[in-house]
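Asks: Since chain A is already given, all that's left is putting chain B on it; use the hints.
There are 2 protein chains.
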Amino acid sequence: MAEKAGAVVLVSGGMDSAVCAAIAARDYQPAAMHVSYGQRTEARERRAFTEICDRLGIATRMVIRDESLGKIGGSALTDTSIAVPEVQDVESAIGSKVPVTYVPFRNAHLLAAAVSWAEVLGAKKVLIGAVEQDSSGYPDCRPEFYRAYNEVVRTGTSAADITIETPLIALRKAEIVRRGVELGAPLDLTWSCYSREDVACGVCESCVLRKRAFADAGVRDPVPYAQAVLH
Amino acid sequence: MAEKAGAVVLVSGGMDSAVCAAIAARDYQPAAMHVSYGQRTEARERRAFTEICDRLGIATRMVIRDESLGKIGGSALTDTSIAVPEVQDVESAIGSKVPVTYVPFRNAHLLAAAVSWAEVLGAKKVLIGAVEQDSSGYPDCRPEFYRAYNEVVRTGTSAADITIETPLIALRKAEIVRRGVELGAPLDLTWSCYSREDVACGVCESCVLRKRAFADAGVRDPVPYAQAVLH
Chain A
1 MAEKAGAVVL
11 VSGGMDSAVC
21 AAIAARDYQP
31 AAMHVSYGQR
41 TEARERRAFT
51 EICDRLGIAT
61 RMVIRDESLG
71 KIGGSALTDT
81 SIAVPEVQDV
91 ESAIGSKVPV
101 TYVPFRNAHL
111 LAAAVSWAEV
121 LGAKKVLIGA
131 VEQDSSGYPD
141 CRPEFYRAYN
151 EVVRTGTSAA
161 DITIETPLIA
171 LRKAEIVRRG
181 VELGAPLDLT
191 WSCYSREDVA
201 CGVCESCVLR
211 KRAFADAGVR
221 DPVPYAQAVL
231 H
Chain B
1 MAEKAGAVVL
11 VSGGMDSAVC
21 AAIAARDYQP
31 AAMHVSYGQR
41 TEARERRAFT
51 EICDRLGIAT
61 RMVIRDESLG
71 KIGGSALTDT
81 SIAVPEVQDV
91 ESAIGSKVPV
101 TYVPFRNAHL
111 LAAAVSWAEV
121 LGAKKVLIGA
131 VEQDSSGYPD
141 CRPEFYRAYN
151 EVVRTGTSAA
161 DITIETPLIA
171 LRKAEIVRRG
181 VELGAPLDLT
191 WSCYSREDVA
201 CGVCESCVLR
211 KRAFADAGVR
221 DPVPYAQAVL
231 H
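Taken in order, these protein sequences are the chains called A and B. Quick note on numbering: UniProt numbering labels position 42 of the first sequence as 42, and the sequence is numbered without any gaps. Quick note on numbering: UniProt numbering labels position 74 of the second sequence as 74, and the sequence is numbered without any gaps.
It is worth saying that the hints were derived from the structure and are not from the lab. Treat each hint with caution, since some may be false.
Identical chains blur together in the list; that is why a pair holds if it fits in one copy or across any two.
To be verified - Pairs of lysine-lysine, DSS-like flavour, derived with a Cα cap of 27 Å: (1) Lys125 - Lys97; (2) Lys71 - Lys97; (3) Lys97 - Lys124; (4) Lys4 - Lys124; (5) Lys125 - Lys71; (6) Lys4 - Lys125; (7) Lys4 - Lys97; (8) Lys124 - Lys71; (9) Lys4 - Lys71.
Bound conformation, chain A alone (with noise of 0.2 Å):
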């Protein structure tokens, strides 16, 4: 099961996820992490991250629970108590502080267990989409936030050389789109939508910033939406 692997990349579902994963397939041979946390469109993202690693040919998988984020709660994506806002444009979905949607430290989670399994599978790099460009302002995207990381995983690891890479923090979403295109990333079997499973909402944060991104990128968005963003 523990195969050889070049790097550990964690792919969630979306849009970003996919063209790093698609990075890390060329790059490396990869092993994909997948977290449930408990997340309004859990069992969504798991189908896409299973659709992502079988058209890219990653074999080596792992999905995990995070039972902790959805006990802890404080946010619209693990709490049904809080709404997840529609936003009605790109302005309003970036806004200057923390929105409701963001998780608390969730990508603390994430890595602490993709480095765990790095250490145990010999690979010595951790590949995660996170962007801080065009994103909702979570501050565990951006990437002071990683270097930090990089000394965490220096000083508490056996191995000492794992290091994480972040290949799209600094892109915008609408080049990661035209990057994907080039990669021939999975875009079509990407999961985007923070509240519904059947049909992309269209109106929260997420699916704003999504179709903003492809509308730029000049490049028809594969998800079928409920509803156009009225803006």
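Replies: Chain B alone, transformed into the frame defined by chain A:
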């Protein structure tokens, strides 16, 4: 449920965590978190956690299951195909290389969950009873790991003012026993053994370090052992 808490304290159920919890109970109104991660003595440690919290009057508690470490394996504590070593003396327990009982990057998992919870509770401190001195040489028990992790917390959280504290990290194990006795920490309720749940084996690294600590402190170890260490 999410009552006001001044700190989140991680409590494994071992002697160091019980002393750390007693410090937290003295200085803060803490919430206590326990993580089961598929370790051999999971049920016994969870019982110790509950009893320690009861004794210290810590009402706000969370027990979570981290499924990933068991799936990832790579440690004698989580993989039953790797034997827990029996050590002959304290010197071989402290050894210079990372032992097979190291659970890869485990403390990064524990801290991620505790920091997420602190963020939601509005707690400003996360306490963990990590010990560098007299320990088995786990990389994620060293001060530099916690210094680096504090930078991750500063950059990766919305609150940005949570800090990790390691009140025991520089103490010898015998000093921890003495500190525990002074504080009235519930050392009698703790469980340190890596391999057994009925009585402590007395011959794993953890038992050997614990027995020496009590002996050096001149305090009777209240926990029953299966056999004496040969030295």
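Asks: All hints are to be evaluated individually against the structure, with a verdict given for each.
Replies: Against the structure, the hints:
no. : hint           : in the structure
1   : Lys125 - Lys97 : between (31 Å within a copy, 23 Å between copies)
2   : Lys71 - Lys97  : within (24 Å within a copy, 37 Å between copies)
3   : Lys97 - Lys124 : between (35 Å within a copy, 20 Å between copies)
4   : Lys4 - Lys124  : within (11 Å within a copy, 41 Å between copies)
5   : Lys125 - Lys71 : between (30 Å within a copy, 19 Å between copies)
6   : Lys4 - Lys125  : within (13 Å within a copy, 39 Å between copies)
7   : Lys4 - Lys97   : between (42 Å within a copy, 24 Å between copies)
8   : Lys124 - Lys71 : between (32 Å within a copy, 19 Å between copies)
9   : Lys4 - Lys71   : between (34 Å within a copy, 16 Å between copies)
When each numbered hint is compared with the structure, no violation occurs for any of them.
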